[in-house]
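**Q** Listed below, chain by chain, are the residues.
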Amino acid sequence: MSDSAALGELPLPTEPDYLRFSRTVGSWLTTTDHKRIAILFAIVITLFFFMGGAAITVVRLELVSPEGHLITSDTYNKLFSFHGIVMVWFFLVPSIPNTLGIFLVPLMIGASDLAFPRLNLFSWYLTVAAGACTVYALIAGGVDTGWTFYTPFSTMFSNSHVFAAAMGVFLAGFSTIATGVNIIATVHMLRCPGMTWFRLPLFVWAVYATSIIIVLATPVLAISLLLVMAERWLGLPIFDPNRGGDPILFQHLFWFYSHPAVYIMVLPAMGVVSEIIPVFARRRIFGYSFMVYAILAIAGIGFFVWGHHMFVSGMSPFAALIFSFLSFIIAVPSAIKVFNWTFSLYRGQIAFSAPMLYALGFIGLFTTGGLSGLFLAAIPIDVHVTDTYFVVAHFHYIMVGGSVSAFFGGLHLWWPKVTGKMYPESWARFAAILMYFGFNLTFFPQFVAGYLGMPRRYHTYPPEFQIYNVMSSSGAAILAAAYLLPLGYLTWSLFYAAKAPSNPWDATGLEWSTTSPPPHKNFLRQPRVARGPYDYHPEGQSAEVGPPSYQREQELLQ
Amino acid sequence: MSPTIRSLWLRNLAVWAALLGLLTLSYFAAFWKLGSLTTAIGFGIAAVKALLVLVFYMELKEARGLVRLAAAAGFIWAGVLFALTLSDVLTRS
Amino acid sequence: MSEAAERLIREPWSDLGRQKHGATFGIWLFLASEMLFFGALILTYAVMRIGHPEAFAAAGRETNLTFGTLNTAILLTSSLTMAVAVQGSAAREDLRRLVIVCLALTAALGVAFLVVKGFEYREDLDRSLVPGPDFPLPEAPAQIFFALYWVMTGVHAVHLSIGIVLVGRLALQGLLGRLELRESPDVEVTGLYWHLVDIVWVFLYPVFYLPGRSS
Amino acid sequence: MISFWPETASTLAQRIDVIFAGLLALSGTILLLVLCLLIGFSVRYRRGSAAPRGPMPEVMSREFEIGWTSATLFLFVFLFWWATSVEIKAFLPPKDAIEVQVVAKQWMWKTLHSNGAREINELHVPIGVPVRLALRSQDVIHSFFVPAFRLKQDVVPGQLHETWFQATKLGVFHLLCAEYCGTDHSRMRGKIVVMTPEDYAAWLAAQPEGDDLAKEGAALFVERGCSGCHAPSAKVHAPSLAGLYGRTVALSDGRIVTADEAYLRDSILQPKKDVVAGYEPIMPSFAGRLSEGEIQSLVAYIRSLAHSPEDRS
Ligand code: HEA
Ligand code: HEA
Ligand code: CUA
Ligand SMILES: [Cu+2]
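Residue numbers (UniProt numbering), protein chains in the order written: chain A, 1 to 558; chain B, 1 to 93; chain C, 1 to 215; chain D, 1 to 313.
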């Protein structure tokens, strides 16, 4: 390990860290430092997460009684539409790639910034503009199309602010494309000496694959929304069945993006979990190369299955069969990942710190949500449960139980690196456990209600479903508390917590070899890498002390 | 005119001539009464023209593998979009 | 490496060759994205045309083939000048004048395209070939053809206008000596964008101008 | 009262429940396996425990990965095949089905029986008899959803959708709109009343003598000017519609099609699409000029002409 970037060998920087590099507000708003832009993104998405959460809090409150009296049907429709739009495009899609992703990718591959720093800043301003459009749509009276904007309702019948909302999503899409291009180019062009493809941390692989999906799928979303806007604004008849248009075509265009988008939302989370587990199990991730292929397979096959959202839409039965088959196939790489995470624990030295709790929660909830996806991929079952709460439960299990948990896990894991402060461990564990129980109480009853036949997007519902809704709403209250906790103690830690060392977890990633928080240019000297990621030793010693177990495992895997 | 400049022009003018030739062909071919073949010819010629621009003007001929890969990805994924959407549209009753 | 080249290096790159390669790769990624953008529009067109072949043939006869062909020729020629500019800027010799002239020509041809397109739009408007109550053709789906016509040529024109600004800016900077045209990645990147916008039009030509001519 | 299984009231529901239960068992097993491994490893290999560590044992190698990859792959292909076979069996309605026309609009369901009886947000059907539904929408996309039958079909405006069911249980069941359709989406609910065949016959007979669909269509046929061209006396050269329904029609572009409902509908809304051989394409489109209900009446009228003795000239 003579010329390696073994931890501690790099001279520690003496210049001020990136947070203190310059202090004016202007220096933040014109920064091209990927770490600062990541923080800017984090502020925006936190804001939107709580806005989306507040909207659905009202919804859950209303659903406690079958004949809701709290709000009108129109308000109800606007609330869940706002919730869906905001949570998907302004929170979950940019959540991990645009915060942890752009913060960590250069650090993890030993670069001083992303390939196109000004494009990066531009992307943030686009997000802000997009967010402004969406907030405008909300303030001006809201939008009531659901996050799916189905035609002809969105084009000819809705009296709400569809144009502004679609414009917001349209811009947000371009913002993610800009970040995607940036990340792909960075991973290809700026890896430091010795950082070969198969030494990349899985998080980098995951964000890289996500970026490919973003770049190739988002333009189609842009077109579908552009056509909706054109139809609303200029009366063009593209989706108007009365003039020969085809409403189902819209669904094809929308889902061509939005199915791959669900992998945009889960792949980075998988990457985070793949980083957390080795750190706290002190073990190399099991089957690293298969994990890489699985990531790429998910990204690739993810483009072939969108039609499973349209089984009852009037699509041709022949196409439905193709899409159903491919939907089963995409579960194979997900299965590989679940098994590999599980076996990474085998013979480890497992510590149950907060990030690890989130990661373990992720595995269980993702598996549950993924398995429910198989029910949906089976056409006859989907015919019954589509557009019911079964689907709502399915995707919240993956997106909230899975991705949001992983996001929180990553946030805690890298909090010391990002802010230079430790978070309060026992509070964090408590929040993680509370989140897990709150989550299951909120969304498990929805599976049952869904199979019993409770449709989604229902303001009022037949009274026999009340019991499940009451359970769900009480779970949501716990969940809200569990999400507010980190907001509290993480903010507290910024001011009062202990200073973090460079490598509090004894981890092997390159990002831990610089100071916390990192200096303006990330590394003072060009790092070099001479070994694979996750070079942990299971006997519990830290990476530098133990023998290079990585090589031995490599031999075993050959 | 230096020799570099001359070869620069010659090379590119040849491609340009081919492009305009194809454009002319495509103009007249649109009037041939061949049913749906006429449409196919129109798009076929467009594809050839696009290929010429891609290969010569956009220098995919000399480009590195990585760049070609990026270019190919665009076409392949557009192909997926077409193939699977049309698998529905063409078989809908 | 020349001193001028040194000045072109930007964070986080350490050498100009890689920076150029990175810029080319980056713009190609964006172009791949653009291909799906226009691909989705052409797919919309294809699906509609499969559903209403006669209406689309009838509508296709209403577009102005002369303007369309002329514009295609203009754009193809602008691609020629752009290609010469790019290759000239990459040549070992200093071809500064040639590059600037070709860039200016390219931008001018782009403007010419927009002017022709403007005349064509005016004619279309005069004949009220706009979806709506005054639409002259009896077939309802012919309106879809023209809806797509306006959207797609409009989006293309926006792209082209951006291209004109970018190319014009390069030419101007070159003229004022503010830009090191020879090693800068900007010329190549702008050129690639320009060519893609051109390719898009090459497909719009059979899409909007050729249908229905043979019947 | 808390229940975990919906009512099973159609032939389809029974078959779907079998798959659902099978999948439930399978994924329950897998979930249990994953959770047991997770918890088991977590406890045994918690930091500081005495369990032996060391490198991964020899058996856990590449073959392991390939093993579970192919195992899941086979399982998934099997699941696909199983689910699909049920789907395909359920696809075509039996020939002897009774027919009901359904029109969806914001925010109600209108159902029309073949004898002209109409209902709003209700549908009476006999038990044990296949019922074929022909669904249309007048405005946006709705979805005809009967949980107890495990039946759902989106209704896209501008298209004719078909689906069918056969009830196996007497009683009243929810009819819901499952596709979001605007303000009162959640109030677009109705009920399906399954009756014995005798009760059904009695119910049908007791319905107010509502204008027979075809009769209404006949009136419209004159009112909307169809007869101006299509009546035998008309000067315009247009095909007679008598005996048309169910026949094959030769089209001017060489295709031969069967004059089914979708064809009649298209002929009215998009006459240029299928021009009958030997006629000029002069018929105007009636798209946007007729409501869904009127189109249905016209189609019913043309269908009723199928059996008239008059031959097609
Ligand atoms: C991050 C988000 C995310 C992810 C990752 C997924 C993953 C999957 N989804 Fe999901 N889905 C959504 C988000 C997501 N989905 C959303 C938002 C909607 C609704 C949109 C709307 O209408 O508003 C939706 C809707 C949806 C539908 C349409 C439902 C409907 O509207 O009718 C279908 C149908 O096939 C489906 C299927 C799947 C499948 C097969 C997977 C697979 O990728 C899952 C694979 C994972 C596993 C299978 C688990 C792990 C595997 C093992 C442990 C192996 C062992 C298992 C066996 C051997 C059986 N999803
Ligand atoms: C992508 C991410 C994502 C996330 C994170 C969530 C998070 C949550 N979702 Fe979301 N949901 C979607 C994506 C997401 N959802 C989508 C795409 C839809 C479909 C929309 C559509 O049909 O178009 C949907 C729809 C949806 C429905 C169905 C509505 C309907 O069909 O009628 C429900 C119902 O329970 C629900 C519940 C929840 C809950 C309880 C949470 C919780 O996890 C949220 C927890 C967070 C908080 C609770 C915030 C805490 C903060 C506060 C409480 C402060 C409040 C302050 C004030 C009130 C002043 N969601
Ligand atoms: Cu009709 Cu929902
Ligand atoms: Cu999907």
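To be clear, the hints were calculated from the coordinates, so they are not data collected in a lab.
Check the hints yourself; a few may be wrong.
Said to hold, decoys possible - Listed below are the simulated BS3-like cross-link pairs for lysine-lysine, each with C-alpha atoms no more than 27 Å apart in a straight line: (1) D/K273 x D/K235; (2) D/K89 x D/K215; (3) D/K273 x B/K33; (4) D/K191 x D/K95; (5) D/K95 x D/K169; (6) C/K20 x B/K61; (7) A/K521 x C/K117; (8) D/K215 x D/K95; (9) A/K499 x A/K421.
**Q** Now, for every hint given, state plainly whether the structure supports it.
**A** Hint check results:
no. : hint            : in the structure
1   : D/K273 x D/K235 : holds (23 Å)
2   : D/K89 x D/K215  : violated (37 Å)
3   : D/K273 x B/K33  : holds (20 Å)
4   : D/K191 x D/K95  : holds (25 Å)
5   : D/K95 x D/K169  : holds (22 Å)
6   : C/K20 x B/K61   : holds (17 Å)
7   : A/K521 x C/K117 : violated (49 Å)
8   : D/K215 x D/K95  : holds (25 Å)
9   : A/K499 x A/K421 : holds (5 Å)
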